[in-house]
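Residue numbers (our numbering), protein chains in the order written: chain A, 1 to 317; chain B, 1001 to 1537.
Keep in mind the hints are simulated off the structure, nothing from the lab.
One should not assume that every hint holds.
Said to hold, decoys possible - Output of the computed footprint for chain A on chain B, the stretches with three or more beta carbons under 8 Å from beta carbons of chain A:
#, region
1, 1195-1209
2, 1246-1254
3, 1414-1427
We put the beta carbon where it would ideally sit given N, CA and C, even for glycine.
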Amino acid sequence: MLIYTINRLLQLIPVVFVLTVVVFGFVHALPGDLIDAMGGTESIDDPEVRAALEKELGLDQPIVVQYWLWLEKVVQGDFGNSLITRRPVATELLERIPATAYLAVVGIGLSLLIAIPLGTIAAVRRNSITDYTAQITSLIGISIPEFWFAILSILVFSLYFNLLPSSGYVGPGEDFGLSIWYLILPAVAIGFRQAAYTTRLTRSSMLDEIGKDYVITHRSLGLSERKVIYKYTLRNALIPTITISGLQFANLLGGTVVLETIFSWPGIGLTIYQAIQLRDYPVIQAGILFLGFMVVIINLLVDLLYRVLNPRVGTGT
Amino acid sequence: MSNVRNNWANGLNRREFLAASAAAGVMAAGMPATARAMPKRGGTLRFATRVDGSGLDLHRSLAYYVSNPLAGITQGLLDIDQKMNIVPGVAEEWEVSKDLMRYTFRLRKGVEYHDGADVDAESVKWNFERILDPAIGFAFTRSSLLDVDRMEVDSKHIIHIHLKRPSAVFAGNVVYYPVNLMSPASVDQADTNPVGCGPFKYVSWKRYAKTELVRFENYFETGEDGKPLPYLDAIEGYPKRDDSVRLTSLRSGEVDLIENMSYFDVPDFRRDYADRFNTWDVAQVGGAHFNINAKSGPFAMDAPDGKLLRQAVAHAIDRQAIHEAVFNGLSEATHSYYTSASPWHMPDVKPGPEYDPEKSRFILRKLNMENMPIAVVARTEFQYMRNGGEILHAMLMDAGFGATNEVFDNPALRAKYSKDDWGIDSTATSYRFEPDGWYSRWIHSQGDEGKLRVGFKNERCDQLIEEAKLTLDNNLRKEMYTEVDSIVNDEAALICHHGVPLTTAGVNSLKGYAPAIAGPYSWSGGGIRTAHFDDAA
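Please model the entire structure based on the sequences and the hints provided.
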């Protein structure tokens, strides 16, 4: 397991390197001049100003040099300063990442809490009322766009019943109780839709597993149905669920710009989107690099979890 | 209905407004002091805005005057009143030399920065020098001071500003937006803890999440109770970029005040929620215009049929349709930059070609240019620009052009301007308070924006704009600008079509508040400076 983990970690190095090249290349290929973008709606035509800004921002260097200088700093954990706010990029992103992570963790957690029991019960009680209810509910969840569900939730819970805040964010470190208050609607909006996908996936995986020989063997050995289902079958059925949930989690870390806009949630997705609009290169680069890195890490964690669930994975057997 | 609209929006002229104000003053003076309720001090205003600040350094960043939650921490050397007149502020008097080459500002004594330092002549000089540093000053801010040649501190409270060239309009360039004063001693923390001299002090800023400001206890302006303004203890700013999200926050009681309401929400909101909320209109915070690419291509000033083709475009534009479809009937159609709400409105401007799509088709047929391709572009960030582009596209198609319509973010659009890769730009501008900022930058052939985004050239216009800049009498200036706008309309290179209005809404308990063109924070004797809560409401 240790060697497997080290191998996987070593494989990350070229992946992350390629990621830096792609991110840097992508950002510098965006249409529009950075200095023009810094002027907002005003022209920066004064050559003296342009020259001063180009020098300050290192734009007077060849692109390869710019990349190398950036990479050198990134390796040392220095992502530079935002071109717009002049604050360190790390500060800019660190203000956002907790909000995004908080929402993603709770959203995914909520979806798994709903989906795994519901999908399992639906499979075990196939063609029963419970199964039909689970299938219809998940179909509705998949069919309803997230933003529509979010708006509907706001309408009902914020405007009609005045139970929950319609938008905004309070960090768990500031006031945990209040933070939960603000979290409920966005987390439910995310969790409901993700749960819909995951319920269907869990149900179909369970159905596949239930029909397999080892389950019949376990039953014939006289093991209780509960033990057969929850100890042996569910464990194997969870592999695709974990894969998909891992990807969903990575996607959520990337931010959900629409939901962040609806709930005024100061997440990383909206930050990167706005940085792109302002051509704030250091923030875009660091933000996308962070997200790419997180996808790679989550994939690694998912792979390691496979090994826990099924030790044959990665051994060649 | 409890809508509170400012006097411009109600269409009062200056004389009517003064008469009404005088009558109100007489009535107030005649009332016993006990009968007049003093504004109650205290309370935190939760204010949801469309945009957030782009940075804390008051010289490097632009504090967009309409909706930046950070705007309360600073102000300029002079102030603006609700009618957009330049009035005393930090400087209580100013005078200009006969040759228009020197401005002298006498600073009010006792004005302080939030760190307790005096706002004195040396600090003003330091501020202007820092803004003029090309590596520091934000382009918009710096450009307002480019006429400064040198500054001379006469005494602690008197500063002379010598200009490179004569100007009658310089005072308008040292008001809040763009010029903001900060404490020289705070320069090292300008990006993290700005220290200005405005009515509120900085506490914290989490970008796109929350801004916290508290009352500056030594602010120089005083309220009705003779104590320093503002009445409010604190402001919490919540940037919420989506119009409906801001409105929902207001309706659900999470904020007390929102700005920039969607034009399409305003009528229903007024009808359904008048018992709980007030709304305020500012008739114009900027102007919407279509810029035709007169720099190059078929519409160019020097193209053989350029003028005729531009006029064909002008004939295709139905202002009434734009009025309904883009502004939901809330704006005012114009033929120049300023609506009737503005003191710079010029009723004698000759309109350009009238709406007559048949004439457009005739011109295109005559020139054998039917279905002539034309790229309509707009910025993605502002709905009225996008909607303006969409409806213009439809009108051009109807008039026989082969138009396309695309939206871009600002940097991409500016790249298109630079490459002349566009036909007509549906855009808008929120102007500097001094109209020279509009005419010199957009209409003058050497103006930065004109050169980049219009390409209009006319010697007579250049001459009039330069003369206006040297004229202290505003009525004379208006005559000059009237002629300029009449020429621009005839040439149809830049077609002003509507003022851009602004509607703000707030809880009924918020009193003493009214927005102005100068924004919610920075106008003398009003806005958030005089806002207070009345729990009985």
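Against the structure, the hints:
Coverage of a stretch by a chain is defined here by at least three residues with a beta carbon nearer than 8 Å to that chain's beta carbons; for the region 1195-1209 of chain B and chain A the count is 4, and the condition holds. As drawn, the region 1246-1254 of chain B meets chain A at 6 residues by the rule of a beta-carbon pair under 8 Å; at three or more, the given contact holds. Against chain A, the region 1414-1427 of chain B contributes 3 residues with a C-beta closer than 8 Å to a partner C-beta. That satisfies the three-residue criterion, and the hint holds.
Comparing the model with each numbered hint stated earlier shows that all of them hold.
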